[in-house]
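Q: Now for the letters of each chain:
There are 2 protein chains.
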Amino acid sequence: MSIQQVEKAYFYYVKKIMDFNEAIALAAWDMRTGAPKNGIEQRSEVVGTLSDEVFKRSTSEEMKGYIDALTDPSVQDSLSERTKRSIEKSQEEYSRNVNIPPEEYKAYIILQTKAESVWEEAKEKSNFSLLQPYLEKIVDYKKRFIRYWGEKDGSKYNTLLDLYEPGISVDVIDRVFKQLREGIVPLVKQIAEKNNPDTTFLNKHFPKDKQREFSIHMLKKMGYDFNSGRLDETMHPFEITLNPGDVRVTTHYLEDDFKSAIFGTIHEGGHALYEQHISKDLIGTPLCTGTSMGIHESQSLFFENMVGRSYAFWEAHYDELKKYSSGQFDHVSLDEFYRAINVSKPSFIRIDADELTYPLHIMVRYELEKGLFDGDLHVKDLPGVWNEKMKEYLGIVPTNDREGVLQDIHWPGGDFGYFPSYALGYVYAAQFKHSMLKAIPDFDHQLKNGHIDAIRSWLTEHIHQYGSLKKPLEIILDTTGETINPDYLITYFNEKYKELYGL
Amino acid sequence: MSIQQVEKAYFYYVKKIMDFNEAIALAAWDMRTGAPKNGIEQRSEVVGTLSDEVFKRSTSEEMKGYIDALTDPSVQDSLSERTKRSIEKSQEEYSRNVNIPPEEYKAYIILQTKAESVWEEAKEKSNFSLLQPYLEKIVDYKKRFIRYWGEKDGSKYNTLLDLYEPGISVDVIDRVFKQLREGIVPLVKQIAEKNNPDTTFLNKHFPKDKQREFSIHMLKKMGYDFNSGRLDETMHPFEITLNPGDVRVTTHYLEDDFKSAIFGTIHEGGHALYEQHISKDLIGTPLCTGTSMGIHESQSLFFENMVGRSYAFWEAHYDELKKYSSGQFDHVSLDEFYRAINVSKPSFIRIDADELTYPLHIMVRYELEKGLFDGDLHVKDLPGVWNEKMKEYLGIVPTNDREGVLQDIHWPGGDFGYFPSYALGYVYAAQFKHSMLKAIPDFDHQLKNGHIDAIRSWLTEHIHQYGSLKKPLEIILDTTGETINPDYLITYFNEKYKELYGL
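Chains as they are written, first to last, in the working numbering: chain U, 1 to 503; chain G, 1 to 503.
Hints in this document: simulated from the structure, not taken from any laboratory.
Any given hint could be a false lead.
It does not matter which identical chain is used: a pair holds within one copy or between any two.
[Stated by the list, open to error] 30 Å max Cα-Cα, derived BS3-like pairs, lysine-lysine:
#, residue 1, residue 2
1, 322, 210
2, 37, 280
3, 8, 114
4, 37, 221
5, 322, 208
6, 114, 15
7, 84, 16
8, 323, 208
9, 37, 8
10, 391, 125
11, 496, 194
12, 64, 8
13, 280, 114
14, 221, 208
15, 137, 389
16, 220, 496
17, 220, 37
18, 125, 345
19, 106, 280
20, 496, 84
21, 84, 323
22, 56, 114
Please put together the full structure from these sequences, using the hints given.
A: In structure tokens, the structure reads:
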């Protein structure tokens, strides 16, 4: 076979794996958007059967053959970047999977599934000791997996970070988070001394079907293509890509808190715009998806906060919102509305946090994860250290573990190393905005006139189109001319919140 | 391996195939309930990949091994009916698939897909000649397939009938349809001389969300379990079973014709009740589904017509319907309503036909299919013979092929032999009702009081629970004590329509 024939056979092989993954994604979407509860257990078995097939194929001898042939130094010159990066991704997955003994992986999956359901009970009862033994075992498994995969620069935690944010290490995050903390904490303290504006009007009755209509309107305004997607209701909103022509968003409607659905929709819409605008050249390759969790989050947060919580945006859309609502904003000025949707106040629950205090929640988790994998922190110490860090970073202490260490599913789900991406997303978003302003100096003016197109196009040009062809650090460097720099986020927060709170 | 071990391995193997089929069913449901159009083409490829997997596994050497081992005469005594019938179904599928050369089957699938899209254009333009060459090839393929599968009792068409209604042959249908025609045609002629009642109030505006609420209410009344199903909107309503705990129905809302959604929902609900009430013993076997198209249709038609279009049913529910509607029935008596929803009049389009004239539409198609496969009818003659038969059976002649021979997708889809099941469903339904009346003599009284439970339980006891454990003729014999007998349907029609039209 010529190398072109191998290349073709490899992409054909990978395409089949992607077909199975699409069926898995559809099942996941369905299970979270209204699949009847009596069918869920059997549906999970379907996901298991399909996942086995994906695992088998992505670690097969045939796959190894393609990897060996296409990573051979002698053929590199005749391969496109597209092929080289694709095979690199296939190789990463191959190595990750093939290096874990299957029985061990299976036992881990069973443990993790069990841990997630124990977590629900532990959270319900606010009883960390129920979860503790499971979490201990999960950490042990992860440490063993890291041994199989190899440490990165002497850090076990780096190996986990690499799963979600390739190329970003503890060194980088330590630097970024320290700088960010020093920028945010004083601001949070200053705001704490100020009175918050009235927000009661936010929680009046806003009928669900009207929220839905407004959500659809917002998505269309953002440039979301409903011929390549749909909006559904769920408990915990998410975006999911089934294929390049089917990028779905979900949201959660609360009739006494419209913010949940509206900002949730804009957030997931930001993820979806990324996926909908990947270059068509990458269709049929493993590169046809966002390049990392952090870059993905930068797109959702950019839209949620830098667009959706800006004054200029609501100059264009506040009157529309009023029309969809049942009169709750009739005597509320745009200025009052803007201040109310931007109230900042330390709180216990990460997912309810405002944009300013949110990164501090992530730092608490980051310090703990680092301690577990690279330091001498033990699982049993998590609740205590959690509370200490909350006190240190946010100035408040949870009264129980339910509003503390037990609030997130990530750890029982085995997702250690995932949290930092959320905060990195904030940092990237502000950094991108800074660069964007050079190209679009009338950013606010555009938003004020309801024009999002130039903004979305800039993001497509610099970020979206590349899918996973470029790695996160490459995207950042190429787009902003520098490496990760939290200054822009700090400046954004200071400018915005000093104005909001008259500091 | 002991025979018990073989049995276990066989069911394990079959379960995986069912998992793939469930993923295919989910994709099908999704594509018909709102999947974004730009994702459809790629989604079809997913279905192709999954179908290949099902085909490969159900015709594998491993499957053949199970079939050989479990059909061995020496082990029959130690096997349950459940196992014997399961392996019989697997064997049928195996033989059907393994006997067609794969390239030939692939070429046929491509042709059929093409024919379906050509059909859309031909129908749009009312131009049969566009479709003719495709239909000719499809009939040729089907005849070749029949050669591979073998004729039944000297009839090619019997082989096709057997795909949809196992055990029912041309002899039986000829007898049943002749008798039925002799019972229906005179009645249709008598009605044609009478005036139809006013029906204008049926077509007033009935908001979609209210129709949806009433549809849900009806399904609950019927005993449909929403913990094991859901209701969605679609173009052409269908019921689809993903797994025994996930049996979905769909309906089509027309705001100026509420009948579409309400009777559509009740019809699909009838299918769903069948699937939701199959014995739990059959879960995990290929028997956990309705036994034939005809028996399935008997369940949907029983609910749509013998329940949903009865006077007693609306005695219980007409006031409720009024509440959901926007006043369109305010000055309409129950009697007027009942007569309006039961108007009978010969028409061109099968899917819009009333219950009395519907079987005649099927007979037209049956005669043509029989002529194509067992007689000397050619594809090019279909439009002419269609019109002749319409004149003979319904007394009307289509003015173009769009409202004639081109109206259905079944033939371009290759589904020859399918149509008769629809009419058999009517016959079975009336026959079942006759038997049911012996056990539930106060049938009308129950309906009048809004009680459907005893009726549904009777159907579960005699039909639903068996899934595919019993074959259609077994179900009919065991339930009614006789073979297929159209007398009961003829009597039902005569009693109902003579009263309605004062004959």
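Q: Could you run down the list of hints and mark each one as holding or not?
A: Checked hints:
1. 322 <-> 210: Classified as both: same-chain Cα gap 11 Å, cross-chain 26 Å, threshold 30 Å.
2. 37 <-> 280: between (37 Å within a copy, 17 Å between copies)
3. 8 <-> 114: Result: close only across copies, 27 Å inter versus 41 Å intra.
4. 37 <-> 221: between (35 Å within a copy, 20 Å between copies)
5. 322 <-> 208: both (14 Å within a copy, 25 Å between copies)
6. 114 <-> 15: Only across copies: residue 114 and residue 15 sit 23 Å apart there, 32 Å inside one copy, limit 30 Å.
7. 84 <-> 16: Within one copy only: 19 Å inside a chain, 35 Å across chains, cut-off 30 Å.
8. 323 <-> 208: For residue 323 and residue 208, the Cα distance is within 30 Å both inside one copy (14 Å) and across copies (22 Å).
9. 37 <-> 8: The answer is between: 28 Å across copies meets 30 Å, while 42 Å in one copy does not.
10. 391 <-> 125: within (23 Å within a copy, 74 Å between copies)
11. 496 <-> 194: within (15 Å within a copy, 79 Å between copies)
12. 64 <-> 8: within (15 Å within a copy, 34 Å between copies)
13. 280 <-> 114: Classified as between: cross-chain Cα gap 26 Å, same-chain 40 Å, threshold 30 Å.
14. 221 <-> 208: both (20 Å within a copy, 27 Å between copies)
15. 137 <-> 389: within (24 Å within a copy, 74 Å between copies)
16. 220 <-> 496: within (27 Å within a copy, 53 Å between copies)
17. 220 <-> 37: Cα proximity of residue 220 and residue 37: across copies only (16 Å, versus 32 Å in one copy).
18. 125 <-> 345: Cα proximity of residue 125 and residue 345: one copy only (26 Å, versus 65 Å across).
19. 106 <-> 280: between (36 Å within a copy, 29 Å between copies)
20. 496 <-> 84: neither (43 Å within a copy, 73 Å between copies)
21. 84 <-> 323: Neither. Shortest intra-copy (52 Å) and inter-copy (65 Å) distances fail the 30 Å Cα cut-off.
22. 56 <-> 114: The answer is within: 24 Å in one copy meets 30 Å, while 34 Å across copies does not.
Hints 20 and 21 from the earlier list are contradicted by this structure; the remaining hints agree with it.
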